[in-house]
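S.K.: Take a look at the letters that make up each chain.
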Amino acid sequence: MEGLFFNVNSGYVEGIVRGYRNSLLTGQHYNNLTQCETIDDVKLQLAPAYGDFLAALPPNPSTSALAGKMTDKLVAEFRYVLTQATGSTARFLEYLTYGYMIDNIALLITGTLHERDTRELLERCHPLGWFETLPVLCVATNIEELYNSVLIETPLAGYFKGSLSHQDLDELNIEIVRNTLYKNYLEDFYQFVNTHPDFKGTPTQEVMSELLEFEADRRAINITLNSFGTELSKQERRKLYPEFGKLYPEGSLMLSRADDLESVSLAVSISADYKAFFDAVGLTQGAGFGGGADGKSLEDMFYQKEMEMSKVVFTRQFTPAVVYAWMRLKEQEIRNVTWIAECIAQHQKERIGNFISVF
Amino acid sequence: MSGAVPEITRRIDEAKQKMGRVMQIAAFSLAEVSYAVGGDIGYQIQESAKQARFRVRAKQDNVSGVLLPHFESYTEEGINDFGLTGLGKGGQQVQRSRETYARAVETLVELASLQTAFVILDEVIKVVNRRVNAIEHVIIPRTENTIKYIMSELDEVDREEFYRLKKVSNKKQRDIAAADAEMEARRAAAQEKEGQKALEPEKEAPDAPDVLGEQEDADVIF
Chain G
1 MEGLFFNVNS
11 GYVEGIVRGY
21 RNSLLTGQHY
31 NNLTQCETID
41 DVKLQLAPAY
51 GDFLAALPPN
61 PSTSALAGKM
71 TDKLVAEFRY
81 VLTQATGSTA
91 RFLEYLTYGY
101 MIDNIALLIT
111 GTLHERDTRE
121 LLERCHPLGW
131 FETLPVLCVA
141 TNIEELYNSV
151 LIETPLAGYF
161 KGSLSHQDLD
171 ELNIEIVRNT
181 LYKNYLEDFY
191 QFVNTHPDFK
201 GTPTQEVMSE
211 LLEFEADRRA
221 INITLNSFGT
231 ELSKQERRKL
241 YPEFGKLYPE
251 GSLMLSRADD
261 LESVSLAVSI
271 SADYKAFFDA
281 VGLTQGAGFG
291 GGADGKSLED
301 MFYQKEMEMS
311 KVVFTRQFTP
321 AVVYAWMRLK
331 EQEIRNVTWI
341 AECIAQHQKE
351 RIGNFISVF
Chain R
1 MSGAVPEITR
11 RIDEAKQKMG
21 RVMQIAAFSL
31 AEVSYAVGGD
41 IGYQIQESAK
51 QARFRVRAKQ
61 DNVSGVLLPH
71 FESYTEEGIN
81 DFGLTGLGKG
91 GQQVQRSRET
101 YARAVETLVE
111 LASLQTAFVI
121 LDEVIKVVNR
131 RVNAIEHVII
141 PRTENTIKYI
151 MSELDEVDRE
161 EFYRLKKVSN
171 KKQRDIAAAD
181 AEMEARRAAA
191 QEKEGQKALE
201 PEKEAPDAPD
211 VLGEQEDADV
221 IF
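Chains as they are written, first to last, in full-length UniProt numbering: chain G, 1 to 359; chain R, 1 to 222.
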């Protein structure tokens, strides 16, 4: 059924994104990139895929400049897709930008808390997380004002409501604010793809549920692992876990009680996938956090899994989920290229193969 | 002190090479962070850092009278300002990178104390060298001149003294000779008178001078 009318409104968007997907770098490209001796060579190798965007770079640019230009291309393409989208697809795409908005707001709140000139912060904001009222955040001088007059107007107001008040913004560590927002965002997004009449019972619901559940689980596991040895209490930690996903509720409960790596790996053993990750990186060895035998860390494993899932999304049709998948793939590509460029710039070739390529 | 300098230069060399290695590892760990987090977290970390976790204490060492500052680094374990950074993703990398950079800063501190010591010692050695030169080329010759002058003066005085003594002894000899001659003459005159008395024996007791007489005493000349 969903195929019947999907293309009337969103066929173009999907087509465009499928075109973008074909321009993603393949294993062959990465092979060529790893052979490069200088950043200029990297730039040359990227020229077919990135073309004009890299042309403005000076000779031998810094890796961050390179990454910046690559992000610019992603942003430009995404904006184009966004302007083409209508109706529920447009809403779906807007949801994609909320994650970046959360980062931007966290950045601005940090700036406001330390009474910095928030104007200079605007330059640091991620362009995808830009929304009309973002510059207005700069006007606010204190947190209460920020919350009452500015955040209320943003698309994220709903995420603040109920879980964060302006008192919290003062005291809480900004990381907790950010993760609370992100949790609410993920839950809202999950709710959206599962209940919206245009998406319910379509491939979008299936695909996005899977992806978002994975994202939720990944966050829960990461938050647990990263909170060891910090002042984050178990109750607070539990509040940061998204309330869906494969691990919810039993796994989340076990995670919230976990004290060490072993209890975490016990908690995630509900899901065969995550268990396999933990086994692979050998987290039970205690200190072996950083990586297993092949130098892959748990984060790498998660990225790898995410990329594989994103790749599979393209086998489905009639769904805007391909945009989500494409953005994830593109971001990973930018990270990969940055990593390779970094390795080349620092002459650390032995770990240059530590990137994730799925095509 | 000059024994300390080669030792310090050797250690500076070692520390610099170590710094090169450590900084490379540190920069690479930063690359790992940016790979894992997928964005720039620099600003966030700058803002959330409130207290220094890594601190430096300065002490003073005494190397043959020269006070050398010596820096000691230590970590304040209780302070963990951005422990939550990268909570969602990349936290491990952030912490690892922090440890690597802490090691890098440790090396820098070590290098700093060595270099300061080196600079100060260098300065001190220069000052000492200047002093040595000044003493060698100015003060010693000047003192030597003075000594020479005093010696020559003393010689002069000696010579004068000698000459004077010679003069005095000459004069004394002359006086003695004159006195001798007079005595001789007197004795000869007395003998002559004796001879005359023997010739005219009834000569009244020799003319004991009539002290109370009219003739005056001869003036005594000193």
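Treat the hints as calculated values from the structure; they're not laboratory data. Wrong hints could be hidden among the right ones.
Said to hold, decoys possible - Derived BS3-like pairs: lysine-lysine, alpha-carbon spacing no greater than 27 angstroms straight-line: (1) R:K18 - G:K161; (2) R:K166 - G:K349; (3) R:K89 - G:K69; (4) G:K311 - G:K246; (5) G:K234 - G:K200; (6) R:K18 - G:K73; (7) R:K89 - G:K349; (8) R:K171 - G:K234.
Bear in mind that the values here come from a model prediction, so they are computed numbers and not experimental data.
S.K.: Could you run down the list of hints and mark each one as holding or not?
M.R.: Here's how the hints hold up against the structure:
no. : hint            : in the structure
1   : R:K18 - G:K161  : 52 angstroms, violated
2   : R:K166 - G:K349 : 103 angstroms, violated
3   : R:K89 - G:K69   : 23 angstroms, holds
4   : G:K311 - G:K246 : 20 angstroms, holds
5   : G:K234 - G:K200 : 35 angstroms, violated
6   : R:K18 - G:K73   : 40 angstroms, violated
7   : R:K89 - G:K349  : 25 angstroms, holds
8   : R:K171 - G:K234 : 124 angstroms, violated
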